[in-house]
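Q: Chains A and B, in that order, give the protein sequences. The first sequence begins at 1 in this note's numbering and counts up one residue at a time. The second sequence begins at 1 in this note's numbering and counts up one residue at a time.
By construction, these hints were calculated from the structure, which means they are not laboratory data. Treat the hints with care, since some could be wrong.
Straight-line C-alpha distance at most 20 Å; calculated SDA-like pairs for lysine to any residue [to be verified]: (1) 100/B / 68/A; (2) 11/A / 42/B; (3) 5/B / 13/A; (4) 57/A / 16/B; (5) 100/B / 11/A; (6) 5/B / 108/B; (7) 100/B / 14/A; (8) 100/B / 104/A; (9) 68/B / 68/A; (10) 100/B / 59/A; (11) 56/B / 78/A; (12) 5/B / 65/A; (13) 57/A / 94/B; (14) 68/B / 42/B; (15) 54/B / 68/A; (16) 5/B / 81/A.
Label-pair restraints from in silico Cβ distances [stated by the list, open to error]: (17) 68/A / 112/B: 42 to 52 Å; (18) 112/B / 83/A: 36 to 46 Å; (19) 41/A / 94/B: 16 to 26 Å; (20) 108/B / 68/A: 31 to 41 Å; (21) 18/B / 14/A: 44 to 54 Å; (22) 68/A / 16/B: 45 to 55 Å; (23) 14/B / 52/A: 45 to 55 Å; (24) 79/B / 20/A: 39 to 49 Å; (25) 79/B / 96/A: 25 to 35 Å; (26) 76/B / 38/A: 39 to 49 Å; (27) 81/B / 57/A: 37 to 47 Å; (28) 113/B / 52/A: 29 to 39 Å.
The beta-carbon is built from N, C-alpha and C at its ideal position, and this holds for glycine as well.
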Amino acid sequence: GAGVSQSPSNKVTEKGKDVELRCDPISGHTALYWYRQSLGQGLEFLIYFQGNSAPDKSGLPSDRFSAERTGGSVSTLTIQRTQQEDSAVYLCASSRTLGEVKNIQYFGAGTRLSVL
Amino acid sequence: DQQVKQNSPSLSVQEGRISILNCDYTNSMFDYFLWYKKYPAEGPTFLISISSIKDKNEDGRFTVFLNKSAKHLSLHIVPSQPGDSAVYFCAASTTDSWGKLQFGAGTQVVVTP
């Protein structure tokens with residue numbers, strides 16, 4: 001596609017349920033990033049992928065969060081046993097390559113997650 | 001801990017005037033800085049960047065100034081236009097950090113006619 005696509009755009013779930021958020025990066029982009037933005041806060045870095053590999057998972061807030069990427073393309077962020085503090089906008093970005101900060105990150109519109 | 005800070009949550013400016021957005025950082029290892037612009041219901045889009053080897057970078061109506069000794073950067077928009085109304089995020093990174101960006105909380109700019 002022309003840009004980074006995220007689905008769903010909105011997700012309302014009950015506390016304790018699992019959710020999956022999907023990201024389709026720009027075709028050909030090898031690097032993929034997940035961020036989240038809580039209300040009134042800046043973007044908080046969660047995890048990055050180079051290809052299908054995520055070398056550093058230390059940005060994930062807890063072990064309820066996991067992410068995977070398959071085929072060097074689509075990525076899924078999974079939150080298990082959601083809590084109210086997980087409510088935020090989850091943003092995905094991709095860039096041509098990893099390791100060069102001058103490679104611009106292109107963002108999707110995000111998934112707004114609301115945990116009731 | 002917030003390493004990039006935008007202390008002004010909002011800014012209102014008249015069309016045609018200059019908008020000045022400020023950003024402070026605490027990590028002296030940052031050597032690359034970016035500004036992103038975000039409209040409601042859209043993802044942030046890249047606006048302009050500056051490397052720490054420079055103190056100014058200009059792109060059309062947008063200029064970013066970097067003061068390394070003060071750990072401060074600013075974005076100037078001249079002249080401001082109604083389409084510039086958006087949230088502006090300052091972000092910083094290190095060249096060896098594989099592209100991980102640290103973002104400020106953003107400044108909401110409203111340009112009035």
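Q: Are the hints correct? Go through all of them and say.
A: We went through each hint and held it up to the structure:
Taken as a hint, the residue 100/B and residue 68/A pair is honoured in the structure, with Cα atoms around 18 Å apart against an allowance of 20 Å. About 16 Å separates the Cα atoms of residue 11/A and residue 42/B, which keeps this hinted pair within 20 Å; it holds. For the suggested pair residue 5/B and residue 13/A, the alpha carbons sit about 32 Å apart, so the restraint of at most 20 Å is broken. Simply put, residue 57/A and residue 16/B have alpha-carbon atoms about 45 Å apart, too far for the 20 Å limit, and the pair is violated.
Proposed proximity of residue 100/B and residue 11/A is contradicted: the alpha carbons are some 26 Å apart, above 20 Å. Proposed proximity of residue 5/B and residue 108/B is supported: the alpha carbons are some 14 Å apart, at most 20 Å. Among the hinted pairs, residue 100/B with residue 14/A is inconsistent with the structure: their alpha-carbon atoms are about 31 Å apart, more than 20 Å. Between residue 100/B and residue 104/A the alpha-carbon distance is near 11 Å, which keeps this suggested pair within the 20 Å criterion.
Between residue 68/B and residue 68/A the CA atoms are separated by roughly 38 Å; this puts the pair beyond 20 Å, and the hint is violated. With a C-alpha separation of about 10 Å, the suggested pair residue 100/B and residue 59/A falls inside the 20 Å cut-off, and the hint holds. Between the alpha carbons of residue 56/B and residue 78/A the distance comes to roughly 41 Å, so the proposed pair goes past 20 Å and is violated. Using a Cα cut-off of 20 Å, the hinted pair residue 5/B and residue 65/A is violated, with the two alpha carbons roughly 26 Å apart.
At roughly 18 Å between alpha-carbon atoms, residue 57/A and residue 94/B fall within 20 Å of each other, so this suggested pair holds. Distance check on the hinted pair: residue 68/B and residue 42/B sit about 31 Å apart at the alpha-carbon level, beyond 20 Å; violated. Between residue 54/B and residue 68/A the CA atoms are separated by roughly 38 Å; this puts the pair beyond 20 Å, and the hint is violated. Taking the CA atoms of residue 5/B and residue 81/A, the gap is near 32 Å; set against the 20 Å cutoff, the hint is violated.
A C-beta distance of roughly 46 Å is found between residue 68/A and residue 112/B, which places it inside the suggested range of 42 to 52 Å. Checked against the hint of 36 to 46 Å, the C-beta distance between residue 112/B and residue 83/A comes to roughly 40 Å, which is consistent with it. Checked against the hint of 16 to 26 Å, the C-beta distance between residue 41/A and residue 94/B comes to roughly 22 Å, which is consistent with it. Restraint check, residue 108/B to residue 68/A: a C-beta distance of roughly 35 Å satisfies the suggested window 31 to 41 Å.
Distance hint check for residue 18/B and residue 14/A: the Cβ-Cβ separation is about 48 Å, which falls inside the suggested range of 44 to 54 Å. For the pair residue 68/A and residue 16/B, the supplied restraint of 45 to 55 Å holds, since their beta-carbon distance comes to about 50 Å. At roughly 50 Å, the beta-carbon separation of residue 14/B and residue 52/A lies within the given 45 to 55 Å, and the hint holds. Range check, residue 79/B to residue 20/A: about 45 Å between beta-carbon atoms, so the 39 to 49 Å window is met.
Look at residue 79/B against residue 96/A: about 33 Å separates their beta carbons, and that is inside 25 to 35 Å. At about 29 Å, the beta-carbon gap between residue 76/B and residue 38/A misses the expected band of 39 to 49 Å. Hint check: residue 81/B to residue 57/A, Cβ distance near 42 Å, so the stated range 37 to 47 Å holds. The beta-carbon spacing between residue 113/B and residue 52/A, approximately 50 Å, falls outside the hinted interval of 29 to 39 Å.
Hints 3, 4, 5, 7, 9, 11, 12, 14, 15, 16, 26 and 28 from the list above are not met by this structure, while the remaining hints are.
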